[in-house]
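Asker: As they're listed, the protein sequences go chains A and B.
Residue numbering for the first sequence follows the working numbering, starting at 1 and increasing by one per position.
Residue numbering for the second sequence follows the working numbering, starting at 1 and increasing by one per position.
Please keep in mind that the hints were generated in silico from the structure rather than gathered at the bench.
Bear in mind that the values here come from a model prediction, so they are computed numbers and not experimental data.
Be a bit skeptical, because a hint or two may be false.
To be verified - Facing chain B, from chain A, some residues (calculated, C-beta under 7 Å):
no. : residue
1   : T23
2   : F42
3   : V196
Glycine is no exception: its CB is placed at the ideal position from the N, C-alpha and C atoms.
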Amino acid sequence: MVSVAHDHAHGHEEVAHKEHRSTPIDDKKLLMWAFLASDCMFFGALIASYLVYKGRSLQGPYPTEILNIPLTTVSSFVLLMSSFLMVLALDALRHDNIPRFRLWTAGVCFFGSIFLGFQVFEFVHFVHVGLTLQRNLFGTTFFTLTGTHGLHVTIGVLWLLSFLIASYVRPMTKKDAIYLEVAGLYWHFVDIVWIVIFTIVYLVEFVG
Amino acid sequence: MAVSRKPATVPDFSPGLFKRPTTSRGLVSWLTTIDHKRIGILYFVSGLFFFLIGGLEALMLRTQLTRSGLHLMSPELYNQLFTMHGTTMIFLAVMPMSAGFFNWLTPLMIGARDVAFPRLNSFSYWTFFFGALVLNLSWFLGGAPNAGWFGYSPLTSKAFNPGLGIDFWVFGLQMLGLASLLAGFNFIVTIINMRAPGMTMMKLPIFVWMTLVVQFIVIFAFPVITIALVELMMDRKFGTGFFNPNMGGMPIYWQHLFCVFGHPEVYILILPAMGIVSEVLPTFSRKPLFGYPVVVASGALIAFMGFAVWSHHMFTTGMGAVANAAFAVTTMIIGIPTGVKIFNWIGTLWGGKLRLTTPMLFALGFIFMFTLGGISGIMHSMAPADAQQQDSYFIVAHFHYVLIGGSIFGLFAGFYYWFPMVTGRMLNEHFGKWVFWLMFAGFNITFFPMHFLGLNGMARRTHSYDAALGFDGLNTLATIGSYILAFGVLVLVVHVMYDIFNGKKASFDPWDARTLEWSLPLPVPVYNFAELPEIKYRDQFWFDKHPELAHSHGHSTGTADQADHLAGHGDASSHHVGHAEHHDDHGVHLPGQSWYPFVMPLGLFILVFGGLYNSLTLAIIGFCIVAVGAYAWAFEGIGGKHIKPEGQTWYQ
């Protein structure tokens with residue numbers, strides 16, 4: 001018995017996990033679900049602001065003049081594909097396939113960075129043609145909404161990069177999969193939000 | 001397993017920046033604590049401190065209004081005082097005092113050793129602490145915010161309010177919001193996932209249910225104010241046009257965003273007090289809560305409907321007849337579950353063996369005054385009537401009846417009730433009753449006349465009034481009342497300070513209570529439960545003590561077979577033979593203390609000052625502290641040690 005106690009004391013994370021829980025859902029995952037529910041309201045408020053001020057700009061540039069649908073379609077596609085890689089990365093880690101886990105996680109970060117690169121290009125271009133935060137309500141709401149989303153993507157990329165770096169610093173096994181799963185939930189959510197933003201801000205503008 | 005009683009320390013793998021603190025005494029132990037009980041004390045004491053500050057601000061306001069035409073302070077200072085009075089009482093007094101109860105009670109009531117994320121819990125407190133500091137430092141750094149706690153645009157726009165006060169308000173509230181959000185996530189996970197074996201949702205103590213409901217309101221309401229404040233900050237710092245009519249922005253949009261948050265916020269303030277009262281009344285009536293499932297459902301319905309009534313704050317803004325009618329109806333509907341609860345409390349009292357202790361007096365006072373505030377609230381729901389009452393002292397009377405008569409009296413009921421558990425000493429009943437009657441009398445003398453002042457046309461948020469209006473008499477009465485109320489609070493502070501050190505030692509379970517937390521020895525051990533209790537019934541502790549009552553009150557305890565079960569056993573201790581968790585092999589795990597939940601909010605504090613004074617250097621320093629702290633936190637791990645609890649567990 002004494003030796004058993006000794007072994008348990010070494011894997012302190014493990015001991016914490018063994019404590020009683022009322023549902024089969026991991027605490028961290030439940031926390032992330034609660035956060036994402038809350039994040040819906042963050043984006044809901046921002047999207048509401050965009051819709052309330054849609055078409056109320058007093059001066060140009062107006063959305064239809066400068067939004068580039070083909071360009072943004074490409075970057076949206078890249079972002080959505082990163083979710084696919086995210087699934088593969090989690091699956092690899094769950095099977096203790098660390099090389100594959102590194103490959104796919106790097107892929108997610110790379111695709112996320114491509115999306116951010118497109119966004120930076122788009123922002124720079126818009127400012128170049130005269131759309132700034134202060135120019136009109138479109139600029140005010142567009143940059144605030146898409147900028148907040150970009151910030152979410154940036155945090156996601158940094159978070160996943162941390163996994164990648166951590167896997168070289170100390171051994172990573174399938175026991176760590178829950179951490180990656182939580183990050184994955186966040187990543188998928190950010191992608192889904194982009195689908196909504198892409199529809200409302202970009203596509204709807206050209207309807208009719 | 002009687003081999004070692006020495007704590008077995010868990011090896012710490014983390015490459016921490018700081019040596020992990022282990023002290024349990026002194027300043028460092030409080031700065032680095034992750035114990036929910038200590039954090040609860042920190043929250044409550046901070047809340048009480050700011051309650052006194054907010055009260056002093058209120059006294060200054062009342063003194064200025066004693067007679068017509070007084071000029072004891074400038075109108076500018078008056079604006080700052082009522083802004084800070086509202087902001088302080090809501091965000092720095094009632095919410096943290098409620099958080100104190102959430103922290104102390106939730107894990108104990110559900111039979112857990114701590115919250116799900118102890119370090120995050122500590123982070124929430126320190127973020128609140130520094131946010132409160134930001135708000136109040138504004139007094140010394142160029143003037144406090146002066147646009148009201150609601151911050152209506154364009155009162156807050158740079159053009160009309162160029163000082164730093166509004167910026168302090170924006171950044172301070174953002175920090176307080178972050179603290180509340182993180183605490184919300186933490187307590188949701190704790191309540192859903194850490195209930196003791198057998199404690200189903202419908203066996204939760206009602207206070208825990210109300211805590212859960214409040215956390216859901218928090219996580220859905222606070223994002224909206226966060227975004228509203230971000231937009232206001234963008235307007236002020238970067239010249240965007242969210243609330244700027246010159247660019248086509250609509251100031252009314254601020255009111256919508258603010259009230260979408262602001263109305264659920266009032267339920268964040270009242271539901272914890274309702275939960276406390278729903279625990280205090282059954283104990284001192286020696287009856288179970290009448291209609292437990294209905295109280296739960298009412299709380300949930302209030303939370304849900306709370307998001308559908310916001311525009312009743314805006315009846316006079318010209319939204320149009322359809323919107324006014326719709327929000328009038330939803331507002332009347334939300335009165336129903338609230339009224340149902342009042343009947344539940346009366347039903348609990350009915351036929352009970354009442355003991356009029358101080359906590360019970362506060363709870364009864366709560367029912368009386370909250371009902372009055374609720375009735376005037378229903379009067380506002382009628383849009384045409386509201387047009388007359390809007391921005392008058394009638395509104396001031398209404399919300400002080402629900403916030404002082406409701407929230408504060410409910411919180412003080414809880415304070416007198418659970419004080420013996422926290423400190424191990426009883427509060428003096430004689431002085432307690434004096435406090436109650438002084439506060440009760442003072443409160444009603446202050447705020448009841450305001451109903452008449454308001455209906456006669458006295459406008460709120462106004463520095464002075466003309467003698468010809470005939471408001472002098474009732475205003476003088478209200479001011480006298482406010483000093484009686486303040487004297488009551490003073491007696492409270494003095495006798496509590498005395499009783500902390502000299503009060504009668506509390507015996508085990510001094511009130512003959514019903515809920516699980518009273519099954520613990522006093523003082524409560526750091527690990528709470530040596531072995532996790534197994535729960536079979538609602539009010540398990542009560543029926544363990546009084547198995548003979550199970551027959552007469554069997555209907556209230558959830559399961560039909562309970563009476564049989566208890567009758568078959570007879571003595572209480574037999575329920576606890578089997579425990580879900582066997583701690584024998586490694587003892588109870590206590591997570592380690594940590595510096596990072598203190599260091600990261602400090603970084604945020606510096607970051608915020610970078611934002612306030614447009615200093616990139618400060619902002620970068622603050623950001624780096626936050627970022628480094630986050631990584632150090634992540635790699636620090638849970639840490640801590642395993643300890644062997646002494647023999648006793650369940651109750652003595």
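Asker: Run every hint past the structure and note whether it holds.
Answerer: Here's how the hints hold up against the structure:
The interface hint given for A:T23 holds, since its Cβ lies 6 Å from the closest Cβ of chain B, which is under the 7 Å cut-off. For A:F42, the interface hint holds, the least distance from its beta-carbon to any beta-carbon of chain B being 4 Å, beneath 7 Å. Interface restraint check: A:V196 against chain B, minimum CB-CB distance 15 Å, threshold 7 Å, status violated.
Consistency with the previously given hints fails for number 3 only.
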